[in-house]
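Asker: Residue numbers (numbering that gives the first Met the number 0), protein chains in the order written: chain G, 0 to 246; chain Y, 0 to 285.
Worth flagging that the hints you see were computed from the coordinates, not collected in a lab.
If you anchor each label on the Cβ, the simulated ranges turn out as follows:
id, chain 1, residue 1, chain 2, residue 2, range
1, Y, L58, G, G218, 39 to 49 Å
2, G, K223, Y, K7, 30 to 40 Å
3, G, E85, Y, S139, 49 to 59 Å
4, G, G23, Y, K68, 18 to 28 Å
The beta carbon of each residue, even a glycine, is placed where N, CA and C say it ideally should be.
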Amino acid sequence: MTIFSDIGRYLLMIKGMFSKPENGKMYWKEFIHQCTEIGYGSLGIVAIISIFIGAVSTIQTAYQLVSPLIPPSTIAQIVRDTVILEFAPTLVCIVLAGVAGSRIASELGNMRVSEQIDALEIMGINTKAYLIMPKIAAALLMIPMLVVIAMVLGIMGGRIAAVAAGIIPGIVYDKGLLEFFVPFNVIFALIKSYVFAFIISSIPAFYGYFVKGGALEIGRASTKAVVVSCVLILFADYILSALLLPT
Amino acid sequence: MIEVKNIKKSFGDKVVIEDVSCVMKAGQCNLIIGSSGSGKTVLQKCMVGLFEPDQGEILYGGQNFTAMKGTEKTEIRKEIGMLFQGSALFDSLNVQENVMFPLNMFTKDSFKKKLERVNEVLARVSLADDVNKKYPSELSGGMKKRVALARAIVLNPKYLFCDEPNSGLDPQTSLVIDRLIQEITKEFNMTTVVNTHDMNSVMEIGNYILYMYKGNKEWEGNNREIIFSKNQRLNDFIFASEFLQDAKDMRMLEETGKIPNHRNMEEMLRKDAPSMGTSSDTPPTN
Ligand SMILES: Nc1ncnc2c1ncn2[C@@H]1O[C@H](COP(=O)(O)OP(=O)(O)OP(=O)(O)O)[C@@H](O)[C@H]1O
Ligand SMILES: [Mg+2]
Numbered sequence: 000m001t002i003f004s005d006i007g008r009y010l011l012m013i014k015g016m017f018s019k020p021e022n023g024k025m026y027w028k029e030f031i032h033q034c035t036e037i038g039y040g041s042l043g044i045v046a047i048i049s050i051f052i053g054a055v056s057t058i059q060t061a062y063q064l065v066s067p068l069i070p071p072s073t074i075a076q077i078v079r080d081t082v083i084l085e086f087a088p089t090l091v092c093i094v095l096a097g098v099a100g101s102r103i104a105s106e107l108g109n110m111r112v113s114e115q116i117d118a119l120e121i122m123g124i125n126t127k128a129y130l131i132m133p134k135i136a137a138a139l140l141m142i143p144m145l146v147v148i149a150m151v152l153g154i155m156g157g158r159i160a161a162v163a164a165g166i167i168p169g170i171v172y173d174k175g176l177l178e179f180f181v182p183f184n185v186i187f188a189l190i191k192s193y194v195f196a197f198i199i200s201s202i203p204a205f206y207g208y209f210v211k212g213g214a215l216e217i218g219r220a221s222t223k224a225v226v227v228s229c230v231l232i233l234f235a236d237y238i239l240s241a242l243l244l245p246t
Numbered sequence: 000m001i002e003v004k005n006i007k008k009s010f011g012d013k014v015v016i017e018d019v020s021c022v023m024k025a026g027q028c029n030l031i032i033g034s035s036g037s038g039k040t041v042l043q044k045c046m047v048g049l050f051e052p053d054q055g056e057i058l059y060g061g062q063n064f065t066a067m068k069g070t071e072k073t074e075i076r077k078e079i080g081m082l083f084q085g086s087a088l089f090d091s092l093n094v095q096e097n098v099m100f101p102l103n104m105f106t107k108d109s110f111k112k113k114l115e116r117v118n119e120v121l122a123r124v125s126l127a128d129d130v131n132k133k134y135p136s137e138l139s140g141g142m143k144k145r146v147a148l149a150r151a152i153v154l155n156p157k158y159l160f161c162d163e164p165n166s167g168l169d170p171q172t173s174l175v176i177d178r179l180i181q182e183i184t185k186e187f188n189m190t191t192v193v194n195t196h197d198m199n200s201v202m203e204i205g206n207y208i209l210y211m212y213k214g215n216k217e218w219e220g221n222n223r224e225i226i227f228s229k230n231q232r233l234n235d236f237i238f239a240s241e242f243l244q245d246a247k248d249m250r251m252l253e254e255t256g257k258i259p260n261h262r263n264m265e266e267m268l269r270k271d272a273p274s275m276g277t278s279s280d281t282p283p284t285n
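Here chain G stands alone, though its shape is the one from the complex (with noise of 0.2 Å):
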């Protein structure tokens, strides 16, 4: 079963990361280029989307609540928790694995296809430790920022959308954000985000770091990536949600 052998190599790889670097300084700039390619990389996409979720959910949620009983506040309460909860990790998250996963994969592909890694094996370097563990490090602190802002973003979206369409004035919007607050809605939703970020930058380089072949099967590789983090992510976030989540 190749299932089993790939998620053994999977596992052998990410212990093969952990050695004392050859020198601190290289893997440390290694660590703030990944974090440059992407954090400030995906930064404009990610505000693109957040925006428009959260003005798409505004207006939706209105166009739902049409009983008189509920107050138009409410509104407001519905969108910060469907973003902090569900859209800003999970969508920017699946997002992502496009983004960054398939740059990911496609990177360390064409090394490993052009004899790269095997160069830098030669020199003595240990190639999972230097190009894996960088990039996973970067990951695990940014996307979670990512998220944040995306969160921030989206409700700001949702309040540009209630007022330019007319739905709520901005003072009644601010005033429902404010009501019913659970601050553990943003603790889940930060577990959720490093959960995602390891999955988008460790799935991504399992396929480009073992790539076999040509460009054909880096691009095979980085699609295969993009897949199965995608899916692992909706998987992982459906598991937090049912251990995580009071009901």
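Given chain G, put chain Y with the ligands in place with the hints provided.
Answerer: Structure of chain Y with the ligands alone, referenced to chain G:
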């Protein structure tokens, strides 16, 4: 010194290296020659441990490299410089950063000192310093080869592996590279292993030559012996090169006492045999 003992390697059902043993001595250029697909690259990669041989062992200075674990292997690897067939330069780094990479990783020298060393090795592979800021994608194939060689020798390795250092180079630059490889081999008493099918290099630097034929050691010797070898397959291989016509003539002279007039175009056109020189060729009778 590197000893190769009964190495065997196959991919799936395909046996690529059948059973090869040889000794690569220090301070000399050890050449692995053979036609395309004969297993030169695979043998070299087995020697440095990029491929795990199915059987047999590799000894570096008497130490069994094949049996070593992670950290011990790393220690040996730090003394290995390797030039890959496809250059394997880091795309994201420019020439200077590529060559400086091993220095950055393994030395604590100041930037100025490292830069000096980088420029020194780049000059040795006859690259002017206007390439320093170029990226690999902006270089020609031959320039990439030379940058990769510079990177391989920047730390003065004890063992140098070159996979076709001259393919894609003009004859003049090839000669420069061959001589450089020979020079540094002598200078630092390195054990150098070069894969090549360039007969010029064979004659120029072949202190030890291993001829591979379909995954087997077919012949070994030096660049004097190779001309006089009676091995049919080796003869087919080396005399496929027109450059060596002189060498062949020399042998004919010794064997038959006369030099065949191969440069007579008319004669050559009339000859219907497609190959222009195997030892079974009878000298054209004028
Ligand atoms: N990773 C691999 N997987 C499967 N087969 C391989 C692999 N690498 C090489 N081979 C096979 O091994 C044989 C020898 O290949 P190798 O690259 O050693 O040839 P070579 O002598 O270096 O040729 P060239 O002069 O063209 O570089 C070839 O038939 C090739 O198909
Ligand atoms: Mg080869």
